[in-house]
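Novice: Residues per chain are reported as follows:
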Amino acid sequence: MTELTLAKALGSGLRRALTDDDKVVLLGEDIGKLGGVFRVTDGLQRDFGPDRVIDTPLAEAGIIGMAVGLAFRGYRPVCEIQFDGFIYPGFDQIVAQVAKLHYRTAGNVRMPLTIRVPYGGGIGAVEHHSESPEAYFAHTAGLRVVTCSTPQDAHSMLREAIASDDPVLFFEPKRRYWTKGDVDEDAVGLPMGKARVVVEGTDVTLVTYGPLVATALDAAVAAADDGISIEVIDLRSLSPVDFDTVAASVQKTGRLVITHEASESGGLGAEIAATLTDRCFYYLESAPVRITGFDVPYPAASWRIISCQILTAFLMGLIVRLVV
Amino acid sequence: MSTTVPAKAQKTGEKKQNPEFVQLLDPQGIRLADDLYDPWVSDVTGDQLASLYEDLIIVRRIDTEATALQRQGELGLWPPLLGQEAAQVGSARTLRPDDFVFSSYRENAVAYCRGVKLPDLVRVWRGTAASGWDPFSVGMATPAVIIGAQTLHATGYAVGCKMDGADSVAVAYFGDGATSEGDVSEAMIFAASFKAPVIFFCQNNQWAISEPVGLQAQRPIADRAPGFGIPSIRVDGNDVLAVMAATRSALDRARNGGGPTFIEAVTYRRGPHTTSDDPSRYVDPVVAKEWEARDPIMRVEAFLRSEGVLTDELAASIQDRADQVAAEFRAGCLGLKNPEPLSVFDNVYATEHTGIARQKSQYKAYLEGFDK
Ligand SMILES: Cc1ncc(C[n+]2csc(CCOP(=O)(O)OP(=O)(O)O)c2C)c(N)n1
Ligand SMILES: [Mg+2]
Numbered sequence: 058m059t060e061l062t063l064a065k066a067l068g069s070g071l072r073r074a075l076t077d078d079d080k081v082v083l084l085g086e087d088i089g090k091l092g093g094v095f096r097v098t099d100g101l102q103r104d105f106g107p108d109r110v111i112d113t114p115l116a117e118a119g120i121i122g123m124a125v126g127l128a129f130r131g132y133r134p135v136c137e138i139q140f141d142g143f144i145y146p147g148f149d150q151i152v153a154q155v156a157k158l159h160y161r162t163a164g165n166v167r168m169p170l171t172i173r174v175p176y177g178g179g180i181g182a183v184e185h186h187s188e189s190p191e192a193y194f195a196h197t198a199g200l201r202v203v204t205c206s207t208p209q210d211a212h213s214m215l216r217e218a219i220a221s222d223d224p225v226l227f228f229e230p231k232r233r234y235w236t237k238g239d240v241d242e243d244a245v246g247l248p249m250g251k252a253r254v255v256v257e258g259t260d261v262t263l264v265t266y267g268p269l270v271a272t273a274l275d276a277a278v279a280a281a282d283d284g285i286s287i288e289v290i291d292l293r294s295l296s297p298v299d300f301d302t303v304a305a306s307v308q309k310t311g312r313l314v315i316t317h318e319a320s321e322s323g324g325l326g327a328e329i330a331a332t333l334t335d336r337c338f339y340y341l342e343s344a345p346v347r348i349t350g351f352d353v354p355y356p357a358a359s360w361r362i363i364s365c366q367i368l369t370a371f372l373m374g375l376i377v378r379l380v381v
Numbered sequence: 449m450s451t452t453v454p455a456k457a458q459k460t461g462e463k464k465q466n467p468e469f470v471q472l473l474d475p476q477g478i479r480l481a482d483d484l485y486d487p488w489v490s491d492v493t494g495d496q497l498a499s500l501y502e503d504l505i506i507v508r509r510i511d512t513e514a515t516a517l518q519r520q521g522e523l524g525l526w527p528p529l530l531g532q533e534a535a536q537v538g539s540a541r542t543l544r545p546d547d548f549v550f551s552s553y554r555e556n557a558v559a560y561c562r563g564v565k566l567p568d569l570v571r572v573w574r575g576t577a578a579s580g581w582d583p584f585s586v587g588m589a590t591p592a593v594i595i596g597a598q599t600l601h602a603t604g605y606a607v608g609c610k611m612d613g614a615d616s617v618a619v620a621y622f623g624d625g626a627t628s629e630g631d632v633s634e635a636m637i638f639a640a641s642f643k644a645p646v647i648f649f650c651q652n653n654q655w656a657i658s659e660p661v662g663l664q665a666q667r668p669i670a671d672r673a674p675g676f677g678i679p680s681i682r683v684d685g686n687d688v689l690a691v692m693a694a695t696r697s698a699l700d701r702a703r704n705g706g707g708p709t710f711i712e713a714v715t716y717r718r719g720p721h722t723t724s725d726d727p728s729r730y731v732d733p734v735v736a737k738e739w740e741a742r743d744p745i746m747r748v749e750a751f752l753r754s755e756g757v758l759t760d761e762l763a764a765s766i767q768d769r770a771d772q773v774a775a776e777f778r779a780g781c782l783g784l785k786n787p788e789p790l791s792v793f794d795n796v797y798a799t800e801h802t803g804i805a806r807q808k809s810q811y812k813a814y815l816e817g818f819d820k
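The listed protein sequences correspond, in order, to chains A and B.
For what it's worth, the numbering used here labels the leading residue of the first sequence as 58, then goes sequentially.
For what it's worth, the numbering used here labels the leading residue of the second sequence as 449, then goes sequentially.
Worth double-checking, as some hints may not be accurate.
[What the hints assert, rightly or not] Residues of chain A clear of chain B, computed beta-carbon distances all greater than 10 Å:
| id | residue |
| --- | --- |
| 1 | 90 |
| 2 | 113 |
| 3 | 143 |
| 4 | 278 |
| 5 | 351 |
| 6 | 352 |
| 7 | 358 |
[To be verified] Here are the simulated lysine-lysine pairs, DSBU-like style, with alpha carbons at most 35 Å apart:
| id | chain 1 | residue 1 | chain 2 | residue 2 |
| --- | --- | --- | --- | --- |
| 8 | B | 785 | B | 808 |
| 9 | B | 808 | A | 309 |
| 10 | B | 737 | A | 90 |
| 11 | A | 309 | A | 237 |
| 12 | B | 737 | A | 309 |
| 13 | B | 643 | B | 785 |
| 14 | A | 90 | A | 237 |
| 15 | B | 565 | B | 812 |
| 16 | A | 251 | A | 237 |
[To be verified] Which stretches of chain B does chain A cover? Using the computed rule of at least three CB atoms under 8 Å from a CB of chain A, they are:
| id | stretch |
| --- | --- |
| 17 | 574-580 |
| 18 | 626-640 |
| 19 | 650-661 |
| 20 | 800-810 |
Honestly, the hints are just simulated from the structure, not real lab data.
For every residue, glycine included, the Cβ atom is placed at its ideal position computed from N, Cα and C.
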């Protein structure tokens with residue numbers, strides 16, 4: 058057990074994957090000498106060489122497309138997309154090729170790619186550096202989509218994603234890269250497809266993932282002071298969603314709030330609200346509520362400061378209204 | 449001084465032309481003759497060159513001030529252009545007001561030359577706005593952060609100029625790294641197919657963050673364009689006069705129906721990629737030092753002094769002017785206001801959108817809840 062930041066835990070996960078399977082190769086922009094702009098791959102090129110930790114030319118379609126070819130040849134590529142907003146030049150390769158090749162070839166060709174994407178806002182960045190594009194990918198058949206919120210999950214889930222024979226979009230909550238936690242490299246953790254009940258509660262189920270798990274936990278603490286007991290669920294997997302865990306919770310609490318930073322329309326919140334309404338209709342004491350980013354482009358830093366400060370309060374206010 | 453900048457090969461026996469690229473002022477400030485490109489700058493007077501020199505000093509001063517503002521916590525981020533002043537000033541000062549620029553984030557000297565107001569240069573970097581200025585007020589789109597995207601926009605704008613029968617030209621500025629993005633290849637194909645009056649102005653500053661240009665191109669970048677049917681020029685990007693000559697020749701071709709030109713301006717990014725970067729991880733300090741000796745400003749200064757145009761007095765007044773611009777710039781930056789919370793909903797669409805209207809009214813009610 059070592060205490061690591063979430064970024065370092067991802068790095069140690071990559072290191073183990075490179076060590077355990079010589080078919081694992083890393084591709085991305087600036088992942089070599091620089092160690093990636095967030096230093097997740099720090100030292101890996103030095104230790105595994107430039108043939109396994111590959112600085113690519115500046116082209117996302119090239120990165121993903123080349124990974125497809127490497128997968129055809131039996132490799133297990135791990136692609137780094139530098140920031141959420143830069144994934145779109147590679148979108149066509151991901152959605153039209155990576156997602157569909159196994160289906161198209163009647164299962165003959167596997168696409169064991171992992172595509173790592175730092176995502177979400179809250180770091181005061183300029184445009185294209187704060188987006189939450191996970192719903193595009195969760196909407197696409199053939200892709201698994203996961204996200205972590207703790208260093209332990211970052212490490213274990215990344216290794217599981219790399220070992221998976223399906224393509225996995227691995228979303229990393231960049232504003233939590235510096236969060237510290239204990240990591241046991243050999244822990245047999247919860248499978249990446251399962252949601253985790255982070256805090257048990259009896260009044261409201263609060264479902265979230267990635268960067269907002271910590272925010273939800275803050276809200277739960279604040280609500281406890283008001284005598285409200287919140288059960289916080291970290292989804293971890295966005296495709297598939299572990300509806301069983303969420304349903305069990307809602308059957309207990311009778312109330313459901315879903316929060317994510319991604320915008321509202323067509324988001325994960327809608328999917329969860331719809332499915333849970335269907336599965337838990339007779340248990341619900343009020344309609345499920347979504348608290349999400351607005352349907353606007355992620356705003357410039359000084360707007361963000363306003364919205365971040367209020368988020369916990371915003372969550373709290375809503376939950377209190379639901380319960381009282 | 450009213451005489452024009454003379455073209456001459458200084459010492460007998462010295463090579464007239466630099467075989468590597470078009471160069472009219474070498475790093476020592478010696479004026480080299482070039483049969484092909486001298487005619488494009490034969491009208492440039494000593495005073496005009498002194499004015500370009502002033503631009504170079506001012507944009508470097510603005511850039512230094514911006515880095516300082518970032519270090520003091522007044523800007524979130526800044527992409528320095530240190531070392532690339534001549535490539536930007538030499539090209540931008542050659543354009544007409546009706547030409548249109550599509551750039552990336554590092555072209556702050558281009559923006560200055562286009563007449564962008566000083567605080568507008570940093571609105572985005574201070575996080576107070578989604579972009580800095582109205583593109584139509586200065587003939588320059590706000591910078592593209594998505595690498596290479598703007599090359600297609602420039603191509604489309606140029607096709608529009610051509611369809612309108614106008615002789616305006618679009619200029620796309622982008623980096624060496626950008627040439628790897630599919631968009632840039634597509635832009636060159638479209639521009640060639642439609643004979644678009646566009647200039648692809650690539651500042652090869654040798655780096656794409658930590659990646660050396662050798663990862664993007666195995667041959668000089670300028671060699672790629674002819675394969676698309678686009679003539680190209682490789683120019684010393686640290687030579688303001690040569691950059692001007694190359695850009696003028698490309699503009700002339702574009703205005704007269706000759707279609708696109710690709711210019712590779714060979715230069716060097718002497719600062720970090722942005723203020724968040726740590727170049728000590730990947731830059732060889734010996735090479736960096738070599739590029740300092742090829743400074744774009746020193747050579748103009750040496751030449752102007754040798755010609756008797758630049759006196760100590762003039763140099764001092766230019767420096768004063770640069771300091772004054774920097775002070776205005778700083779004050780303008782610090783004076784930028786934070787946006788109103790509800791303005792976050794403005795301009796998502798050009799026309800009424802019911803979904804946005806609903807969210808805006810919900811948020812308004814929520815904010816008003818604090819006042820009660
Ligand atoms: C599509 C896309 N991918 C990645 C990035 C991240 N990024 C920003 S600048 C940069 C390097 C650009 O290098 P170059 O084109 O040479 O321009 P320079 O920064 O040297 O001016 C990268 C990889 C981006 N902005 N857009
Ligand atoms: Mg570059």
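Novice: Next step is simple, just say for each hint if it's right about the structure.
Specialist: Right, here's what the structure says about each hint:
Annotated as non-interface, residue 90/A brings its C-beta within 10 Å of a C-beta of chain B; the closest such distance is 4 Å. Residue placement check: residue 113/A does not keep its beta carbon more than 10 Å from all beta carbons of chain B (closest about 8 Å). With a least beta-carbon separation of about 7 Å from chain B, residue 143/A fails to lie farther than 10 Å from that chain, contradicting its non-interface assignment. Every Cβ of chain B is farther than 10 Å from the Cβ of residue 278/A; the closest lies at roughly 22 Å, confirming the non-interface assignment.
Against chain B, the non-interface label of residue 351/A is violated: not every CB pair exceeds 10 Å, the least being about 5 Å. For residue 352/A, the shortest C-beta to C-beta distance to chain B comes to about 6 Å, within the 10 Å cut-off, and the non-interface label is violated. With a closest Cβ-Cβ approach of about 3 Å to chain B, residue 358/A is found to fall inside the 10 Å limit, against its non-interface label. Between residue 785/B and residue 808/B the alpha-carbon distance is near 21 Å, which keeps this suggested pair within the 35 Å criterion.
Among the hinted pairs, residue 808/B with residue 309/A is consistent with the structure: their alpha-carbon atoms are about 34 Å apart, no more than 35 Å. Distance hint between residue 737/B and residue 90/A is fulfilled; the C-alpha atoms sit about 20 Å from each other, no more than 35 Å. With a C-alpha separation of about 32 Å, the suggested pair residue 309/A and residue 237/A falls inside the 35 Å cut-off, and the hint holds. For the hint pairing residue 737/B with residue 309/A, the CA-to-CA distance comes to about 68 Å; that exceeds 35 Å, so the pair is violated.
For the given pair, residue 643/B sits about 44 Å from residue 785/B by alpha-carbon distance, which is inconsistent with the 35 Å threshold. With a C-alpha separation of about 24 Å, the suggested pair residue 90/A and residue 237/A falls inside the 35 Å cut-off, and the hint holds. Pair hint residue 565/B plus residue 812/B holds up; C-alpha atoms about 33 Å apart against a cutoff of 35 Å. Between residue 251/A and residue 237/A, the direct Cα distance comes to roughly 22 Å. Compliance with the 35 Å bound is thereby established for this hinted pair.
A count of 5 residues in the stretch 574-580 of chain B with a Cβ less than 8 Å from any Cβ of chain A is obtained; the coverage claim is therefore met, three being the minimum. Counting residues of the stretch 626-640 of chain B whose CB falls under 8 Å from any CB of chain A gives 5; the rule of at least 3 is met. Note: the stretch 650-661 of chain B has 4 residues with beta-carbon separation from chain A under 8 Å; the three-residue rule is met and the coverage holds. Proximity of the stretch 800-810 of chain B to chain A, defined as three or more residues with a beta carbon under 8 Å from a beta carbon of that chain, is established by the 3 residues found.
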